[in-house]
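J.: Using the hints, position chain B against chain A.
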Amino acid sequence: TQLLEQSPQFLSIQEGENLTVYCNSSSVFSSLQWYRQEPGEGPVLLVTVVTGGEVKKLKRLTFQFGDARKDSSLHITAAQPGDTGLYLCAGFSSGSARQLTFGSGTQLTVLP
Amino acid sequence: DTAVSQTPKYLVTQMGNDKSIKCEQNLGHDTMYWYKQDSKKFLKIMFSYNNKELIINETVPNRFSPKSPDKAHLNLHINSLELGDSAVYFCASSHLARSSGVSSYNEQFFGPGTRLTVL
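Chains A and B are the protein sequences, given in the same order. Last residue of the first sequence? That's 113 in the numbering used here, and every number before it is there in order. Last residue of the second sequence? That's 142 in the numbering used here, and every number before it is there in order.
Bound conformation, chain B alone:
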C-alpha cells in the first residue's frame, strides 16, 4: 500500500506551458508539504498545508500555486514554466507536531518525487 503517492513520476514539457503535479496520502495525516530538490540534491520547503489551510509559504514565484481540496490531497500547479523550474518535486505528509519536553518535531513521509524537465 502506497503511503504518499505522486503523479506523474516524470514530466517533460516546453517552456511557457502550465502543468500540475498531484499528491495523495493515505496515512491519515493532517499536514502536507511540497519540497523542491535541485540538481545538487538540496531539498527546500516550498509550501505546507494543515487541514487545507496554508501554513508555510516560502519565497516561491507566484507562478506556483498549491491547492488542497481535502486533507489527503495537495496538488501543485505551475504556470508559465521556466527552465529554472527543472527539478525533482517531492510531496510529503505528517501530523502537525509532537512534543518531547521542550522540543517539537514531526515525522514526515515523502512521496517518490516528480522529475520535472523544462525544455
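Only chain A is shown next, with the shape it has when bound in the complex:
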C-alpha cells in the first residue's frame, strides 16, 4: 500500500507569513497533485506535477516535485485568509493513472 504523509497536520499562521507544506512517501509516484478543500465542499485541483524536479507556480503558490518522485512541497508566500483550507497531496502510482492515493492532509488557518 502506497502512503503519502503530510506535515504539518495543522498550521495556524498570521496573514503575510510564508509557509511550506510537505508531502512524503517511500514509494515512487508517476505524478502528483495538490488539492484544496474548503468546509462543506469537495477538493479542488490546484496543480499536477509530472516530472521529477519540476517546479510550478500558481500566483503565490509554488509546487515542487522531488527529483526521485517520492515527495512534494507546497510553498505559499505572503499567506492570506483566503488561503485557509485543507490542503491534500495525491499521487498516481507508476503504471496506473486510474487510482489516486491521497495524503493525510494539512489544515491551514491564516489569521487576519
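The set of hints was computed from the structure by calculation and includes no laboratory data. Each hint can be trusted.
Okay, derived cross-link-like pairs now, BS3-like style, lysine-lysine, Cα gap no bigger than 25 Å in a straight line: (1) K64/B with K32/B; (2) K71/A with K63/B; (3) K71/A with K57/A; (4) K71/A with K67/B; (5) K71/A with K64/B.
T.: Chain B in isolation, oriented as in the chain A frame:
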C-alpha cells in the same frame, strides 16, 4: 452550472437501514468515482467506473454497491448501515487518463459531498 452534483447533501438515518446517494456529472467525462472521507479528513477511493464498467473496486464491504446507469451517473447504494459508515462521501469524475511523457494522470472534479450520519 453545477459540474458534479450529489444528492442528498445530508443524510441522517438509523443503523440497519438501506440508503442511496446519487451523483451526476455534466462534464462529458467517461470515468466516475466514489470516495469516502473519514472524521480525520482522510480521503480514500472506494469505486471507479469507466463507461459504465467497474475498474476500481477497493476493499469495501459488499453492503456498498455502486451502480452506473450511464456515463453521466454513478449512484451508491448502502445496505444495512452501520455506525462506522458515518462519513462524508464524495463523487468525482474525470477523463480516464492523459499522458505526459512517461507519466499518466487525470484531473478529477469532485462533487460537494454527502454527509452520512448513522445513529
